[in-house]
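So the protein lines, in turn, are chains A and B. For the first sequence, the positions run 0 to 371 when numbering that gives the first Met the number 0 is used. For the second sequence, the positions run 0 to 144 when numbering that gives the first Met the number 0 is used.
Rather than coming from a laboratory, the hints here were simulated on the basis of the structure. Even for Gly, the Cβ is constructed at its ideal location relative to N, Cα and C. Each hint should be verified, as a subset may be incorrect.
[To be verified] Below are the DSS-like pairs computed for lysine-lysine, each with C-alpha atoms no more than 30 Å apart in a straight line:
no., chain 1, residue 1, chain 2, residue 2
1, A, Lys-15, B, Lys-82
2, A, Lys-196, B, Lys-82
3, A, Lys-252, A, Lys-238
4, A, Lys-15, A, Lys-173
5, A, Lys-116, A, Lys-173
6, A, Lys-238, A, Lys-153
[Said to hold, decoys possible] Some, not all, of what chain B presents toward chain A, calculated at C-beta under 10 Å:
no., residue
7, Thr-15
8, Asp-17
9, Val-21
10, Ala-79
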Amino acid sequence: MAQPEVGTEPLATDQKAFFDALSEGYRRALDAAGLVERHYLIAGFRVALRCAGPALLPAVTPAIEHLRTDTLAAPDLVIELFDAHSTGTPLPFLLEFFMRRVQAKWWEYLGSRRELKGLDGTQVRCAFHPGPDILSVLDHASDRALYWVQDAAKIPYYETGYPLTVILNWWLAKRQRQFVHAACIGTATGSVLLTGKGGSGKSTTTLACLNSGLKLGGDDYCVIDTQNMTAHSLYNTIKLKGLADVERFEHLKHCVDNLDQVEDTEDGERALIYLQQHFPEQLMSRSPLRAILVPRIVDRVETSIAPTSSAHAFKALMPSTLFQLPGDARDAFQATARLTRQAPAYEIALGSDIDAIPGVIAAFLRELEEKA
Amino acid sequence: MGQRYRVDTENIMHETIDGEVVIVNLETGTYYAFDGAGEFIWDRISGAGASLEQIIDAACAHYRGLPQDISAGVTRFFNALQKEQMLVAADDEADTAPATESTAADLASGAAFELPRLNIYTDMEALLLADPIHEVESDGWPNLK
Chain A
0 MAQPEVGTEP LATDQKAFFD ALSEGYRRAL DAAGLVERHY LIAGFRVALR CAGPALLPAV
60 TPAIEHLRTD TLAAPDLVIE LFDAHSTGTP LPFLLEFFMR RVQAKWWEYL GSRRELKGLD
120 GTQVRCAFHP GPDILSVLDH ASDRALYWVQ DAAKIPYYET GYPLTVILNW WLAKRQRQFV
180 HAACIGTATG SVLLTGKGGS GKSTTTLACL NSGLKLGGDD YCVIDTQNMT AHSLYNTIKL
240 KGLADVERFE HLKHCVDNLD QVEDTEDGER ALIYLQQHFP EQLMSRSPLR AILVPRIVDR
300 VETSIAPTSS AHAFKALMPS TLFQLPGDAR DAFQATARLT RQAPAYEIAL GSDIDAIPGV
360 IAAFLRELEE KA
Chain B
0 MGQRYRVDTE NIMHETIDGE VVIVNLETGT YYAFDGAGEF IWDRISGAGA SLEQIIDAAC
60 AHYRGLPQDI SAGVTRFFNA LQKEQMLVAA DDEADTAPAT ESTAADLASG AAFELPRLNI
120 YTDMEALLLA DPIHEVESDG WPNLK
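Could you build all of it, start to finish, from the sequences and the hints given here?
As structure tokens, then:
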């Protein structure tokens, strides 16, 4: 059977049937394993995670633990999470049949951004992550999402470090909240985004800022409220590239959550540190965005910051924001362009005296805040 | 008048920021920027569309330089855009529409013609073009071998 083309709006009735079948699967898992509920304040919105049983908690909650709230107010978004293995609950028969087919031949069923052809549309979003077999579905009309995985124990480190990006990105993008692939550094009164390709010095700068007086809103990803230019923290995760990086930052070695699994290869498992567990006072949940910094390593001792073009910042921020994150690339392209037009752009020339970098950023922020 | 071309808006998005054009192909992940007269040429195409001949005429009127040099530079750049599948033939209606009206940018600027160059960035392609059988680890996309 020929697969529908990506971009063709699916039948609403097909989407409803799919969403209803998945909801029925969640209900059965809930009956089997019981409800475990957590509430979070994410980018200014109340988000409830309703898990069928506790198995998914260690996989999806450590990275957002700093955003946890005890509020019982009605959530803006509900995400219902379940897995087949720990709950002993297969999906409803026809859906199970379909998902097995998708798992076996996913390249026939998925678009280039992992969207499920024939089901992913404007109102109901559907994506599947082959390998760990994670299905993410969001109904914009009801602000309700479903997150299904075959086996909670097999969720990979990058999903644990940066969980629920698919659903959150879809949902937040409709509310003028743009995911960006950047680190966020600063204080409660002002922050900068640090964005650049691998090897540009972004991670080193972020790590250098730990225990410096500056706070972190995020290492790899954060969310920008593009209406009032506020940076929101999303994940408290810091990522080290491999064992070599762990050795380089030896004082952080005891904080690495997955040390036994870290691999020293280009694409091997990265070391994850949850700041909420070890440096909770270093985190900030939100901060006014003052500037975008594009890092560049230079062959001198001192670090300096100088204005650069907005186009330079756009070219640093846009590619990985569009292509490392799920969601609508058109919307992300335009939102990233708007963001780089609004936020002043600077290049930070990173010198070899790493310990001095936080001081340079702090002085730069003070200067910007005085001007503001 | 030769065939008119316009931007393939199905897959190509572009923004002008600080006077610099940045273009992305959403399907492949490739993104682009221009040097020299590239933006002048892109501006001619990204509106109602234009034929190569129209662009050469406009560039010859706008820039100072030998017509044959300008013609060769514009043609090479135009071919590069086509090779990157950034352009599609304008439909019949557009094809019979009057040529793009002259704008201030078309008038003689006195600026010397600088060879247009297309800068191509492919560092994101690997994420989108991964072959599921041969290039992806067992833990799935986007983890490449």
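**Request:** Below or equal to 30 Å on CA atoms is what counts here, so check Lys-15(A) against Lys-82(B).
**Result:** violated (42 Å)
**Prompt:** Holds or violated: is there a CB of chain A closer than 10 Å to the CB of Asp-17(B)?
**Reply:** holds (5 Å)
**Request:** Take the C-alpha atoms of Lys-238(A) and Lys-153(A), compute the straight-line distance between them, and say whether it is at most 30 Å.
**Result:** Holds, because 19 Å separates the two Cα atoms, which is no more than 30 Å.
**Prompt:** Within a Cα-Cα threshold of 30 Å, do Lys-15(A) and Lys-173(A) meet the stated pairing?
**Reply:** Satisfied, since the Cα-Cα distance of roughly 20 Å is no more than 30 Å.
**30 Å Cα cutoff - pair Lys-196(A), Lys-82(B)** = Holds: Lys-196(A) and Lys-82(B) sit about 27 Å apart, inside 30 Å.
**Request:** With a cut-off of 30 Å on the C-alpha distance, tell me whether Lys-116(A) and Lys-173(A) pass.
**Result:** holds (21 Å)
**Asked** For the hint on Thr-15(B), does the least C-beta distance to chain A fall short of 10 Å?
**Response** holds (9 Å)
**Item:** Proposed proximity, Lys-238(A) with Lys-252(A) (alpha carbon, max 30 Å)
**Value:** This hinted pair holds, its Cα atoms lying about 12 Å apart.
**Message:** Restraint: Val-21(B) near chain A, CB-CB cut 10 Å. Satisfied or not?
**Reply:** holds (6 Å)
**Prompt:** Taking 10 Å as the limit, does the beta-carbon of Ala-79(B) come near enough to a beta-carbon in chain A?
**Reply:** Cβ of Ala-79(B) sits 19 Å from chain A, so the hint is violated.
The earlier numbered hints that this structure contradicts are 1 and 10.
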